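A.B. asks: If you're matching them up, the sequences are chains A and B in order.
Everything in the first sequence is counted per this note's numbering, starting at 1 for the first residue and increasing by one.
Everything in the second sequence is counted per this note's numbering, starting at 1 for the first residue and increasing by one.
Derived from the structure by calculation, the hints contain no laboratory data.
Derived DMTMM-like pairs: lysine to aspartate or glutamate, alpha-carbon spacing no greater than 20 angstroms straight-line: (1) Lys269/A <-> Asp92/A; (2) Lys883/A <-> Asp683/A; (3) Lys608/A <-> Asp760/A; (4) Lys457/A <-> Glu75/B; (5) Lys349/A <-> Glu329/A; (6) Lys735/A <-> Asp21/B; (7) Lys883/A <-> Asp28/B; (8) Lys752/A <-> Asp721/A; (9) Lys884/A <-> Asp28/B; (10) Lys884/A <-> Glu706/A; (11) Lys457/A <-> Asp70/B; (12) Lys752/A <-> Asp84/B; (13) Lys884/A <-> Asp33/B; (14) Lys885/A <-> Asp33/B; (15) Lys735/A <-> Asp867/A; (16) Lys885/A <-> Asp707/A; (17) Lys608/A <-> Glu15/B; (18) Lys349/A <-> Glu378/A; (19) Lys883/A <-> Asp33/B; (20) Lys885/A <-> Asp28/B; (21) Lys735/A <-> Glu15/B.
Not close to chain A: a few residues of chain B, all C-beta gaps over 10 angstroms, as computed: (22) Cys5; (23) Pro6; (24) Tyr7; (25) Asn23; (26) Arg44; (27) Asn46; (28) Pro47; (29) Ala48; (30) Gly49; (31) Pro50; (32) Asn52; (33) Gly59; (34) Ile68; (35) Ser77; (36) Ser78.
Keep in mind the model is a prediction, meaning the values are calculated, not measured.
Even for Gly, the Cβ is constructed at its ideal location relative to N, Cα and C.
These are the residues of each chain, in order.
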Amino acid sequence: MSPRRTPSGGRIDRLRTIRFTFDGVAYTGHQGDTLASALLANGVSLLGRSFKYHRPRGVLTAGVDEPNALVTVLRGDVREPNLPATMVEIYDGLVAVSQNRFPSLNYDVSAVNQLGGKVLSAGFYYKTFMGPVIGPLKGTRFWMMCEHFIRRAAGLGRAGQAPDTSRYERMNAFCDLLVVGSGPAGLSAAREAATSGKRVILAELDPQFGGSANWSGETIDGEPASAWTADIIGELKEHANVRLLKRTTVWGYYDGNTLAALERVSDHKAAAAKGAPRHRHWVIRAETVVLATGAFERPLVFPGNDRPGVMMAAAAMRYANQFGVLPGETIAVVTNNDSAYRAAAALNKAGATIVAIADLRPEISDDCRNLARECGAELLVGHAIIGTEGGKSLKGVKVAHFDAASGVLAGEARNIQAECLIMSGGWSPTVHLASQAGARPVWDAELQAFLPPEPDKGWLGAGAFKGSFSTAECIVEGFVAGRQAAGLAQIEVETRPHIEPAALDPRPAPVFEIKAKGKSFVDFQHDVTADDVRLAHLEGFVSVEHLKRYTTLGMATDQGKGSNVPGLAIMAEAVGKPIPEVGTTRFRPPFAPVSVGALAAERFGDLKPERLTPMHDWHIENDATMYPAGLWFRPMIYGDPGETVEQAYVREARTTREAAGIVDVSTLGKIAVQGPDAAEFLDRVYSNVFSTLPVGKARYGLMLREDGMVFDDGTTWRLGDNDFLMTTTTANAGKVMQHLEYFLDVVWPDLKVHVTSVTDQWAGAAIGGPKAREILASCVTGTKVDNEALPFMGIVHGDIAGAPVMICRLSFSGEMAFEVYSGAGHGMHVWEALVEAGKPFGMVPYGLEALGTMRIEKGHVTGAEIDGRTTARDLHLGWMLSKKKPFIGSAMMDREGLTAPERLELVGLVSLDNRPLNGGAHIVLEADPENPHGSLGHITAACFSPMLGKYIALALVSAGKSRHGKRAQVSDPLRNRFGPVEIVSHHFFDPEGKRMHG
Amino acid sequence: MLITCPYCGPRDVSEFAYQGDGNRTRPDPASTDGDAWHAYVYERLNPAGPHNEIWQHAGGCRAHLAVIRDTVTHEVSSVRFARDHGAPAHVRRKSGAKA
Chain A
1 MSPRRTPSGG RIDRLRTIRF TFDGVAYTGH QGDTLASALL ANGVSLLGRS
51 FKYHRPRGVL TAGVDEPNAL VTVLRGDVRE PNLPATMVEI YDGLVAVSQN
101 RFPSLNYDVS AVNQLGGKVL SAGFYYKTFM GPVIGPLKGT RFWMMCEHFI
151 RRAAGLGRAG QAPDTSRYER MNAFCDLLVV GSGPAGLSAA REAATSGKRV
201 ILAELDPQFG GSANWSGETI DGEPASAWTA DIIGELKEHA NVRLLKRTTV
251 WGYYDGNTLA ALERVSDHKA AAAKGAPRHR HWVIRAETVV LATGAFERPL
301 VFPGNDRPGV MMAAAAMRYA NQFGVLPGET IAVVTNNDSA YRAAAALNKA
351 GATIVAIADL RPEISDDCRN LARECGAELL VGHAIIGTEG GKSLKGVKVA
401 HFDAASGVLA GEARNIQAEC LIMSGGWSPT VHLASQAGAR PVWDAELQAF
451 LPPEPDKGWL GAGAFKGSFS TAECIVEGFV AGRQAAGLAQ IEVETRPHIE
501 PAALDPRPAP VFEIKAKGKS FVDFQHDVTA DDVRLAHLEG FVSVEHLKRY
551 TTLGMATDQG KGSNVPGLAI MAEAVGKPIP EVGTTRFRPP FAPVSVGALA
601 AERFGDLKPE RLTPMHDWHI ENDATMYPAG LWFRPMIYGD PGETVEQAYV
651 REARTTREAA GIVDVSTLGK IAVQGPDAAE FLDRVYSNVF STLPVGKARY
701 GLMLREDGMV FDDGTTWRLG DNDFLMTTTT ANAGKVMQHL EYFLDVVWPD
751 LKVHVTSVTD QWAGAAIGGP KAREILASCV TGTKVDNEAL PFMGIVHGDI
801 AGAPVMICRL SFSGEMAFEV YSGAGHGMHV WEALVEAGKP FGMVPYGLEA
851 LGTMRIEKGH VTGAEIDGRT TARDLHLGWM LSKKKPFIGS AMMDREGLTA
901 PERLELVGLV SLDNRPLNGG AHIVLEADPE NPHGSLGHIT AACFSPMLGK
951 YIALALVSAG KSRHGKRAQV SDPLRNRFGP VEIVSHHFFD PEGKRMHG
Chain B
1 MLITCPYCGP RDVSEFAYQG DGNRTRPDPA STDGDAWHAY VYERLNPAGP
51 HNEIWQHAGG CRAHLAVIRD TVTHEVSSVR FARDHGAPAH VRRKSGAKA
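Isolated chain A, as found in the complex:
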């Protein structure tokens, strides 16, 4: 039992005991503990197995940079994997389990991978599983076969199967000043800005504000740093213009000073409070951002640096000072800078024995010597750790003479017994957010670190983020940044805050690695060693971006917070260039993992709005099978009991052709085109002429795109000289509206025309069939509907059952047909009146299937044929291309490729084997199921034609018209449908149009 709780001290509530389990074993901790600190307090030092080699791993850090101690937290069936134990606050009933081990953490069979270390180096999988170049496993097949097993062996936690029952929410916030980080620098900035009245948001990723003040053990102007923090927080809470967000990680810095943050509202509780979400996703728009994000201590790279018991020096100090936990009774230290001495002193004060301090530097300051002497440690200047001993927990370290200038080891290695080794390889400012915002970090040779460049207009920096590591500097810089961001005049700081103990020299020796025999880890989470980095260089990877991708250095969930700079330094040495010339990779969001649930927040499930016609309820009550058409729902069939879909649509279509049918056409796009130049505008957007259309008549119109392809079709009605009602296809209503708006607003702003979408204002019912006119005559008042009053394409106004209607005689089905429009509020009323009037005549309602069947019989085109690749001539609509005027698309439509004789043209097909045809099937001259080839075109729509008694289809076939009367084959290998068809005219039924003209 090496790590343990100290008898006193720390910022935990020792009176409150919390019970939790880890891997099924019950433990207790205190309020204020993280899972990492509570497990360490219980003597648990083995928390996980590594990604590739399954090496035992413990706790390395105390914060968001933790690469090793990843756990899965279970809440019922819901599991959340890959959480750093250092970020999991314990609560009563917490259930956590370790990851990537089988059968258990202590006895993991895959740990045998460690023996294959030389083989399992960078790129191992790519190199090994390339697969043979011939045979059944050629190419990537071998890899795909092996991948299953590799994925099981490697990796992190397992994702859960159970649906996440938590609630998430999303908030937008606006502020003048966002302060990221609440250490002494951030607090100082927030306080200055808050007093100015500016809107301030202070975000802290930890559960408590204060940052290093919680564990530094310093006093500020005579009072403990934690009390100084509490004073400021108390002050900030008094300001209505300040919002304090703890447990909130600002993870993304986007353009326009938009920042994304994740607030973990309830993760620290057994259950969320009433109404509270689990996580809250913040989108913060800040005038100015003050980055006071501090710095991460980086590990040293030496053999065995990943053994449980090896810990970052500052983390060990934090465990002692904040959590009252000693990571070991006997502690050794290895460092290249002064900061580890402060940690050693803190651990010693908390009760640990500091057995030795190995300092890589040849000379050290008197301050350090004094600190070493005070804690009774053997001081080994010019020494390095060259190995660690022990299995799943540290037993001792090997020390040898080390020359920092040459990196050469000398003399006999000495064994020193220790349960814990704390290390410090210098500090890397947390420049991630600035880097996301586009700032290029600058290498500072003094501090051996990448520092943020001069701030741009969006952000300011303060404190360790800028490389200012003393608390006094942090407070002063925060003060300056806060005033600057709030637009306040700078005032001279009369007395700098007095900090005890005095700051040490922050400059480390430029040593990142101790080269000795054994695996020396750079990226702990992805098991990337120093040798892997050198291997990447040997194999020709020079760019740091390539190095990162080949070795996966820095690509784990910790995003290389500690490993980035050591990795670069080792690469730079291998390449023989200084570090700044090797460069650094740009940091990308997120700074730390983000729950997908929070990003989705309340937007999950079926997000599409549903558009329902005014007659929707009637369709449902009358057994319609509804079919989604874009956002709309339309009846597909009104099936009788026991009917198949085909039987239903055949019955509906036949009855319509024999008597009458009624269909809901409310979904058609409808646009009011109004104004003195409306007719001129329509002449420009339609390929045919509308200015000659008399008032009270409608005309079928065709629109092309600028490139000459067909865009949309529909009828447009002239209701007055300056008043047109345009209809579009259901699918293109929005696109046509946007198209019209673009031309009116950008291209022809001189035209006096206004367009308004009125799709939802009109309900439409089309009735067609030989009895349609009689039915209409029996229920319409106020107008005649005979051939004289209502000729083909004529429009009349009247009433049905007391509701005003507008009737146009036009036909999609090919029958004598009328479209009856009423105000949407009257839609159901008019529909029911029409249905009632139709009863004596045997009228049926019909759905999309029957509509489609009748239009195929007539050879009318829809979106299946107007697919963006067809011209008007391809669809035999060349007669609609006016030669009298230019229109959108007229300049491009005659290009060579668009008039070529071999283009796909609309034809009809008749199945010669009496079997159904399928949309998408190819048309070929000779079908060869084994080697399908030679497509002449494809089927766009197919049905059984009740009028022909045959399976028919529309198709686009190369030089189609010239093939009329010829035989071909359908070739549909996916559905295994082959067979003979005859190519015919697309006008299957009533080609002269006698029926609709009546």
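Place chain B on chain A using the hints.
C.D. replies: For chain B alone, coordinates are given in the frame of chain A:
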């Protein structure tokens, strides 16, 4: 990214629909100059830096806006009504030349 609509004020980019390169002028409708039509329909400038663009405030007033946006930084330096200010003259490139 925010676009300040002259009608509606600063709004999130998600309210807007991109309507393409603003450096295009439509040839005279009766023009039969194939090259001019080709340039208008198919050629787009793709600068790394300030770019003239047309955006529609589709989720708002539906006005089309002539926007100058830096494609590298997303900084929007000018927003005007396309209706009033139109698009700047199309910059023709020699065929085959890189933008």
